[in-house]
Structure formats: structure tokens, C-alpha cells
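Colleague: Take the sequence shown: its position 20, counting from 1, is numbered 36 in this note's numbering, and each next residue is one higher.
Honestly, the hints are just simulated from the structure, not real lab data.
Hints may contain errors.
Claimed, not checked - In silico lysine-lysine, DSBU-like type, Cα no more than 35 Å apart, as pairs:
#1 Lys43 - Lys138
#2 Lys106 - Lys185
#3 Lys185 - Lys138
#4 Lys138 - Lys181
#5 Lys181 - Lys43
#6 Lys43 - Lys185
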Amino acid sequence: MSDDSRRANPPMDPDEQAIDSALSMVKAGVPEASVSDLRGHVVGAWQRRRGIATPERSTTLTMVGGYAGSGKSELARFLGTLTAWPILDKDSITRPMVEQLLTALGADPYDRHSSLYAERVKPHEYRCLMEAAWDNLDCGISVILDAPFVSQFSDPAWMRRIFNKCRAKRVTPLIIWVECDPDSMYEYVQFRDAPRDAWKLQNWDVYAAGVDPQMRPAGPHFHVDNRHGTAVSLADRARDTLMGGGRW
17 MSDDSRRANP
27 PMDPDEQAID
37 SALSMVKAGV
47 PEASVSDLRG
57 HVVGAWQRRR
67 GIATPERSTT
77 LTMVGGYAGS
87 GKSELARFLG
97 TLTAWPILDK
107 DSITRPMVEQ
117 LLTALGADPY
127 DRHSSLYAER
137 VKPHEYRCLM
147 EAAWDNLDCG
157 ISVILDAPFV
167 SQFSDPAWMR
177 RIFNKCRAKR
187 VTPLIIWVEC
197 DPDSMYEYVQ
207 FRDAPRDAWK
217 LQNWDVYAAG
227 VDPQMRPAGP
237 HFHVDNRHGT
247 AVSLADRARD
257 TLMGGGRW
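Just need the whole structure built from these sequences, with the hints factored in.
Modeller: Written out as C-alpha cells, the structure is:
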């Protein structure tokens with residue numbers, strides 16, 4: 017390599033190499049989204065946290081979706097720790113409201129599988145989540161949303177509305193879908209032992225039969241293959257490297 021080439025492409029330091037390796041798990045979906053653009057937003061935010069002068073990019077709406085136990089929350093937390101963008105977790109924001117509403121409707125407060133929940137509660141959960149996101153974005157604060165987004169990402173009309181609203185607000189949407197295998201999902205759901213997962217664990221075969229392994233968002237997106245926990249392992253290795261250097 018020539019001296020000019022080395023100056024144009026300086027070698028990455030170990031921290032950036034770890035982040036670059038972890039971000040290699042994010043692939044362009046179909047329709048495609050720009051992986052280099054996503055990496056630029058994430059690494060740029062991380063560099064600014066370290067005091068490295070880099071050009072400011074547009075405000076971003078990062079939406080991390082996937083089935084229960086897919087590893088989406090771990091991925092969202094990894095991205096949030098790198099960038100310092102706030103994470104809005106649907107369950108953290110809406111769980112008390114949802115449990116009270118279900119109780120008022122005469123249902124199990126931990127119901128997440130019935131038609132009553134799907135028709136009369138879930139739409140309000142996502143509305144609360146999105147309103148909180150827009151409040152931050154309107155202040156120029158990038159956010160990461162952590163929610164299943166299964167029916168939302170599957171709906172072309174819903175996706176068009178999100179992209180159109182982002183365009184109007186000059187916000188960059190980054191849609192990430194996390195794929196996982198049923199065995200790994202079961203292991204994680206069992207490990208977290210949340211009351212809202214009781215029905216899933218008791219009826220896992222029924223729940224797993226409704227999981228579509230070919231599910232992909234109906235718009236430009238990124239895809240993360242976390243079957244057998246491979247993507248989360250990459251993120252964990254990057255976190256260990258950064259923490260080991262005392263720069264996390």
C-alpha cells in the first residue's frame with residue numbers, strides 16, 4: 017500500500033475495529049437500505065462521544081424489531097450504549113398502563129395473545145411509543161425504539177407513513193429486523209421469566225407455529241441474523257473489548 021493510500025485510509029484503532037466487527041452483523045435487507053449509512057450514523061455518534069470531531073448527521077429514528085426472545089433488546093441496548101441515543105422500550109413505557117387497561121376490561125393483565133389485546137390495547141401501546149419518539153425527534157434527539165413491530169413492519173401502509181413522516185421531519189429512519197431460531201427464543205423467554213410471557217411458555221408450540229421465519233419489513237430495512245445468539249455474541253465481544261480498554 018502506498019503512503020498516500022495509508023494517509024487516505026488510516027488503520028482503525030482496536031475500539032473501532034471491535035465496533036466495526038460487531039456492526040458487520042447488520043446486513044441490507046430487501047428492499048435494501050444502506051449499511052454504510054447506518055454504520056456512519058452509529059460510529060459518528062460514538063466518535064463524538066469520545067470528543068472526536070466528525071460531521072453531524074441527520075437525526076435518526078432507529079427501530080429494532082423482532083419476535084419475543086429474538087435478541088432485539090440486547091441489540092438496541094448495544095446501539096444505545098455506543099451512541100448515547102435514548103432507548104424507548106415499548107414494555108417499559110406502556111406496561112403499567114396496559115396491565116391496568118386489561119384489568120379494567122376484565123382480562124388477564126399479562127394477556128399478550130388474545131384478540132381483545134390485539135384489537136383494543138396493542139394499538140394504544142404503539143401509539144404511545146411513537147408519540148414519545150416524535151417528541152424526542154422534534155427536539156433533534158435521535159432515538160432507538162425497542163418493540164416487536166411484527167404487524168407494523170409487515171404493513172406496507174404503516175411503513176409508508178413512517179418513512180413519509182421521517183422525510184417531512186428530515187429524520188433518517190433505520191429499520192432493523194432481528195431474526196432468531198425458535199429454540200434460542202424459547203431459552204431466552206424462559207430465562208427472563210416475565211409474567212407477560214406465561215402464556216407463551218405454557219403454549220410454546222402454538223406460539224412458535226405463528227412465528228414466520230420469512231418475516232421481513234415491508235420497506236427498506238436491515239436484517240440481523242441472531243440464530244443461536246450469534247449476533248448478540250458479536251455485540252458482547254465488542255462490549256468486552258471496549259470495557260477492557262476503560263473507554264466504555
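Colleague: Could you run down the list of hints and mark each one as holding or not?
Modeller: To see whether the hints hold, each was checked on the structure:
| no. | hint | result |
| --- | --- | --- |
| 1 | Lys43 - Lys138 | holds, 29 Å |
| 2 | Lys106 - Lys185 | holds, 22 Å |
| 3 | Lys185 - Lys138 | holds, 26 Å |
| 4 | Lys138 - Lys181 | holds, 21 Å |
| 5 | Lys181 - Lys43 | holds, 24 Å |
| 6 | Lys43 - Lys185 | holds, 26 Å |
Of the hints listed earlier, there is not a single one the structure fails to meet.
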